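Residue-level listing of the chains:
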Amino acid sequence: MIEIRNLYKTFSSGDDKVDALQNINLTIADGDVYGIIGMSGAGKSTLVRCINMLERPTAGTVTVNGRDMGALSNAELRQARREITMIFQQFNLLMQRTCLQNVCFPMELSGVKKAAAKKRAMELLELVGLPDKAGAYPAQLSGGQQQRVAIARALATDPKVLLCDEATSALDPNTTHQILSLIRDINDKLGITVVVITHQMSVVKEICKHVAILDHGTVAEEGLVSAVFAAPKSEAARRLVYPAREGEIISDPGSETKVRVIFASAAAASMPLVARMARERSVMANIISANTQPIDGKTYGDILLGIPHEQLSAALDFLRGIPELTVEEVSDLV
Amino acid sequence: MYDNLFSEKSLSDALQCLQNEIPFAIWETFYVTVLSTLLALVIGLPLGVLLVVGEKKGVLPLPKWVMQVLNVIINLLRSIPFLILMIMVFPLSRLVIGTTVGTTATIVPLVVAAFPFIARLVESSLREVDPNIIEAAQSMGATPMQIICKVMVPESVPSLLSNVTIALTTILGYSAMSGIIGGGGLGQIAINYGYYRYKYLVMLIAVVLLILLVQLFQSIGTRLAVKSDKRLKH
Chain A
1 MIEIRNLYKT
11 FSSGDDKVDA
21 LQNINLTIAD
31 GDVYGIIGMS
41 GAGKSTLVRC
51 INMLERPTAG
61 TVTVNGRDMG
71 ALSNAELRQA
81 RREITMIFQQ
91 FNLLMQRTCL
101 QNVCFPMELS
111 GVKKAAAKKR
121 AMELLELVGL
131 PDKAGAYPAQ
141 LSGGQQQRVA
151 IARALATDPK
161 VLLCDEATSA
171 LDPNTTHQIL
181 SLIRDINDKL
191 GITVVVITHQ
201 MSVVKEICKH
211 VAILDHGTVA
221 EEGLVSAVFA
231 APKSEAARRL
241 VYPAREGEII
251 SDPGSETKVR
261 VIFASAAAAS
271 MPLVARMARE
281 RSVMANIISA
291 NTQPIDGKTY
301 GDILLGIPHE
311 QLSAALDFLR
321 GIPELTVEEV
331 SDLV
Chain B
1001 MYDNLFSEKS
1011 LSDALQCLQN
1021 EIPFAIWETF
1031 YVTVLSTLLA
1041 LVIGLPLGVL
1051 LVVGEKKGVL
1061 PLPKWVMQVL
1071 NVIINLLRSI
1081 PFLILMIMVF
1091 PLSRLVIGTT
1101 VGTTATIVPL
1111 VVAAFPFIAR
1121 LVESSLREVD
1131 PNIIEAAQSM
1141 GATPMQIICK
1151 VMVPESVPSL
1161 LSNVTIALTT
1171 ILGYSAMSGI
1181 IGGGGLGQIA
1191 INYGYYRYKY
1201 LVMLIAVVLL
1211 ILLVQLFQSI
1221 GTRLAVKSDK
1231 RLKH
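Sequence lines, in order, name chains A and B.
Under the numbering used here, the final residue of the first sequence carries the number 334; numbering is consecutive throughout.
Under the numbering used here, the final residue of the second sequence carries the number 1234; numbering is consecutive throughout.
These aren't lab readings, by the way, just hints derived from the structure by calculation.
Here the structure is a predicted model, which means the values were calculated and not measured.
Just to be clear, a hint being listed does not mean it is correct.
Stated by the list, open to error - Okay, derived cross-link-like pairs now, SDA-like style, lysine to any residue, Cα gap no bigger than 25 angstroms in a straight line:
1. K1057(B) to T98(A)
2. K17(A) to K1056(B)
3. K1056(B) to L72(A)
4. K114(A) to K1057(B)
5. K1227(B) to L141(A)
6. K1150(B) to V112(A)
7. K1057(B) to T61(A)
8. K1056(B) to R56(A)
9. K1150(B) to M53(A)
10. K1057(B) to V112(A)
11. K1150(B) to T98(A)
12. K1056(B) to L141(A)
13. K1230(B) to P131(A)
14. K1230(B) to Q90(A)
15. K1064(B) to T98(A)
16. K1150(B) to G135(A)
17. K1057(B) to L77(A)
Whole structure, please, built from the sequences with the hints as guidance.
Below, the structure written as structure tokens:
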């Protein structure tokens, strides 16, 4: 279990102070796949580096499996890091070593015998689907293959926790999908707790059970992925879950109010909402954009309506009367 | 001064010198250069490593004053012209080798001149290592020593090889200069015959041989550097 309590991190250079993290409180259960999502600059990378103390928090504690990471001596910390391994956006493989030697590297650090390390490394390369690349150098591999080698390397010391820092951000959608399935497999088979840092909602949707939304150094919202998708409570969450689609334009912005409706169930999503509103309340709503997405086998979706100012109260009244809908006025599209 | 370059007398002198002195001089130059470079590397490599890892944000931060002393010493030694440095280190040569003249004695000033240069070259090579790779090693629980020996130095081998080649050719030039203080080798032949005895053909031959040696060192060094670099797909 990872427990982050009252965590603050301030970067200061001279008189300049940047509060990267402010009062972060998170609990990540064993075996979970936990997403931490936020825009760039939200503090995600700093937060994940506070878990293995690559960044020392300014205040607060991080406890991993009962061990207070901040209180460990350097030697104890190095020992602890073998159980909390990490993969990176740029893979960070040793470029002058073969894949096999890269996977052997962490075992070499901890003094595992060469023959045993080699045998284990081959098993791990097999697990990530690259047994034939043992003798190849990283530069000869594609990005997806390099990330597989990095995953094998991260598993070499039998970790309890795997931290993924934007691990798929440098990969194309197809490769991203393959790497995410591999991470999910590892979580399933080995029971390793996975912490996924990303700025892509699609990544969270695909593999995470829980998610925390980080906004300007604070946790804006946290919970089950399905719950956050169904009813994003914070502004930051709504922006990430239902981002403005390109070219959302109202035909007559002067005379219409924008209203975003979020469906939290398949029943709500399959209702002829706009038609009913027109018939029952005579509201002539204009559909600006609409979208549905499956998460965890359920359907979620949102629709952005343009409603004439004079009919707004009738429309809101109608929409708020329907269960499993979240309705909000949108003042500007962000 | 090059009027009688190919006169009969000049040619016979040159031929005699080629047979009697030059082969040994080539060897002397070669051995002084390589040995000095190796010894300078023994001192310069660890210093170069310290210059990088000892920084405030390095993997093994050292007290600020240590870094300052280190930098001052290196800059100081690099500021002294080699010709003057050779004379200044006479006492040290006498202490270490027992004499100040001869081929072996010039190794002392050569090493003193070369190790600060090599330290700076090593520093620049190590700075090329991707800091993310070092962070990755830290995330795996590597000790500072392991990061130096297993990440920073091995990852910068191709760059180190090109830089050592630069050092080697520079030291070759210095070793020729040491002919002035009786250093032996091709430099001494060029000075003795060309400057003191006006036998310019011999001087030119010595210069051509020095050029060939530089070419040889450089092409071997470049080939090794390219061959060792696994970032290039081949």
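Between the alpha carbons of K17(A) and K1056(B), is the straight-line distance 25 angstroms or under? Judged against 25 angstroms, a Cα distance of about 19 angstroms means the pair holds.
Next pair to validate is K1057(B) with V112(A); report whether the Cα-Cα distance is within 25 angstroms. Distance ~30 angstroms between K1057(B) and V112(A) Cα, so the pair is violated.
For a C-alpha distance cap of 25 angstroms, please report whether K1150(B) and V112(A) respect it. 15 angstroms, holds
Given the hinted pair K1064(B) and T98(A), is their alpha-carbon gap at most 25 angstroms? 38 angstroms, violated
Need the status of pair K1056(B), L72(A): alpha-carbon distance at most 25 angstroms? Holds. K1056(B) to L72(A) sits at ~22 angstroms (cutoff 25 angstroms).
Below or equal to 25 angstroms on CA atoms is what counts here, so check K1056(B) against L141(A). 35 angstroms, violated
Could you grab the alpha-carbon distance between K1150(B) and G135(A) and see if it respects the 25 angstroms cut-off? Holds: K1150(B) and G135(A) sit about 19 angstroms apart, inside 25 angstroms.
Hinted pair K1150(B) and T98(A), Cα distance within 25 angstroms: 14 angstroms, holds
If you draw a straight line from the CA of K1056(B) to the CA of R56(A), is it 25 angstroms or shorter? OK: K1056(B) and R56(A) at ~15 angstroms, within 25 angstroms.
Is the hinted pair K1057(B) and T61(A) satisfied, with a Cα-Cα distance of at most 25 angstroms? Roughly 23 angstroms between the alpha carbons, so the hint for K1057(B) and T61(A) holds.
Are the Cα atoms of K114(A) and K1057(B) separated by 25 angstroms or less? This hinted pair is violated, its Cα atoms lying about 32 angstroms apart.
Holds or violated: K1230(B) to P131(A), with C-alpha atoms at most 25 angstroms apart: Holds: K1230(B) and P131(A) sit about 20 angstroms apart, inside 25 angstroms.
This entry does not satisfy hints 1, 4, 10, 12 and 15, going by the numbered hints stated previously.
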